[in-house]
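Novice: Using the sequences plus the hints, can you model the full thing?
Taken in sequence, the protein lines are chains A and B.
Using my numbering, the letters of the first sequence map in sequence onto residues 1 to 730.
Using my numbering, the letters of the second sequence map in sequence onto residues 1 to 121.
Be careful, since some hints might not be right.
Straight-line Cα separation of at most 30 Å, DSS-like style, residue types lysine-lysine; simulated pairs [what the hints assert, rightly or not]:
(1) A:K178 to B:K91
(2) A:K400 to A:K429
(3) B:K111 to A:K178
Derived from the structure by calculation, the hints contain no laboratory data.
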Amino acid sequence: MDPMAAIKQTFFQECEEQLAELEAGLLAIQDGGYDGETVNAVFRAVHSIKGGAGAFSLDDLVHFAHVFETALDHVRSGRLAPSHEVLGTMLRAADALADLVRAARDDGSVDAGRCDALADALRALDPDAAQADEEADGDDGEIIDFQPVPLDQSIFDDDLATGSVPSQSLFLIRFKPKPVLYAKANEAAVLLRELAGLGEMTVACDSSALPLLSELDPEGGYLSWSIELKTEQDEAAVREIFEFVEWDCDLEIERQIGEAPGEPDVAALIEKMQAAVEAELSALGPTPIPVSEAEPAVIDFAKAREKKSLQSAGDQGAQRADPALAGAAAQTTIRVDLDRVDRLINLVGELVINQAMLAQRVQEAGLARASGVASGLDELEQLTREIQDSVMAIRAQPVKSVFQRMPRLVREVGAMTGKLVRLVTEGEKTEVDKTVIERLADPLTHMIRNAIDHGLETPEARLAAGKPEEGLVHLSAAHRSGRIVIEVSDDGAGINRARVKALAIGKGLIPADAALTDDEIDNLIFLPGFSTAQTISDISGRGVGMDVVRRSIQALGGRISITSRPGHGSTFTMSLPLTLAVLDGMVVTVAEQTLVVPLTAIVETLQPKVADVHGFGGGARVIAIREHFTPLIDVGRELAYRQGDADPLSCVALLVECEGGFRSALLVDAILGQRQVVIKSLEANYRHVQGIAAATILGDGRVALILDVDAVVASSRADASFEQLLATAG
Amino acid sequence: MNKTVLTVDDSRTMRDMLMLALSDAGYRVVQAEDGLHGLEVLQGETPDVIVTDINMPRMDGFGFIEGVRGDERHRAIPILVLTTESDAEKKDRARRAGATGWIVKPFDPVKLVAAIRRVAA
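Specialist: Printed below as a string of structure tokens:
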């Protein structure tokens, strides 16, 4: 890749980090839990974005970041108090800055009107805004003292010459360094050498001020130089050489009109001069080691890093250490193709199966528990498990990456609905599989929108109900019994059950006389086509309901449920597997085949009684489960393992719930047990098979197919229109 | 032997740019991520020039310059500060802290190299 393109990519990555830091910092300031370093970090984030953007000529970004930075500087200097309003503007500006960064990255566009309005709002935060406005009147460009210089690879190939004037001029220069010039590591010899690069030069060194050795201050400045320089460069170029030292020396530069002197031997002069300076320095004791003679050393980053972390571990707060860690990550992490990791996970899956098979063989061989083979096998099992956990951990990422998108969403939805919302997040470091995280973003976004739009009341209604004006949305993640549990809760009005039920009846989702528990009513919102919003709002309307959320969660092998207390709010709880590579399954037999049914789909298992099973035309049957008629699906027949119907009385029924909350009873011959199985893709190894999600290998080495419950139920529903049957039965 | 430049900047982007510009110009580059890290790198390294940012976490550029100038072994190393603020105040503060010179960001690689040549023998 072109090196500049690679740096640009780094820049955008870094921007994302800076934006996250900016937002976190602003939120910390808003919550009052901040110190000077927080304000500095926030300032630095915007400052860095501006700095990088300048190098890539991202002018819109530079302009906006500059205005933002100026406003932040007022806060930093204490001239502007970070009030609620000020932070509101800054948080919106942070969102706009994020949009500008992403637009620059993706060659997209932004709402220029919104950015301009925010830039104006930021400028208006200036305590001396009125005055500044007048000064800047009609001259917007003046505000920016920052001229982007595009970094162009081709420049590197150019000469160092900086333009020229056609005719030669003669400059007379008197240069007398003060001691402070040397203290700042400037060197007269280097400056003179640079000066010589501009043209032809004659130098005379005046050492008359040198005192006797006994009176000599080793760090004093005793030498001065008179220089005649014949050059095509202008005076500015000559002055530029002395730019860094003009305060630290006596300098006179005079431009002479007329003939330049003859050809001096510049190189020899410089050499002489350098020798003189070095002689002076070395004669005068221990001070400055000529840098060029210093011993080059190989840098040991790892060692430096180790020292650094040891040193900083004690006193650095987590927040302060973070940027350092982010930087450290550049050296302590490697990027690996996801395919490679997945291949490794797959192989470890094989290892687990192999180990289980081996264990079974050893057991069958009847070896004593205490034998060396058995104990070695135990160790192998332990080790295998550890390897599996470690490999799975490679794919694990903290949910933070999803959670950190939510504050902005909350602000936007809050602003759109006119509700005051505070978002509290918890457990951001909880780790889960990368794919789960990626697919979590949409459902989570939808649920947070719902919580604000439908859950929280308006500030007036809240005050009237004796609650604080500001509504609370709580987002948390935690590990619980081998799964990750994510909760979204609000302290709003809770579900209006009377209205939910009336709506469900109105839409024909439930019969008018249905007797439902509170819990059942709450769960009606997951039915397809259900929406409690009276008007289709811009926020949670859009025809996407909680049924879609549930479907996405189920597709990840997860479950979602809701609890609600009228007047106190609602809580959505999602439970998801930590990985998509293994699955908790119920191992069953169907027509002498072994199948695995994902445990998440199974609601309960039961033994059918003769009175509960009713046949309908076309071979379709239903089973009455607590007065509900549920379609009874013979898995063996559905997968064409057998022709005739199995006898329900000698079978087990698994009550499963699939897409849309539709329940069915799956008929299987027997349940062998529950276990965790390693998922093997059937598509990758064979081809897609209708009704089968994947395959796995059991401990005895047999291949077992994993049932795709949704597909089996859907195909069965297509065979016989159960809705019709239910309507007749219901 | 190529001259060594120590770059101290918390921004990866800026470090990468300095690396590109300086290595193209034939310098050997060592990097540090903030002032404190810079001082630690100096324990095992004696660069010919230091280029440092001002705004950094943990230890800013001013603190870093004071640290280098206060160290007998390193106080003669020229230090150039990188600053987006071309205003006199920042430059002045850096100068008083002991900076040798400065480079205004975003830097032009030619000017960067010219500035380094103006301070490094």
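Novice: Mind listing which of the numbered hints don't hold for this structure, in increasing order?
Specialist: none
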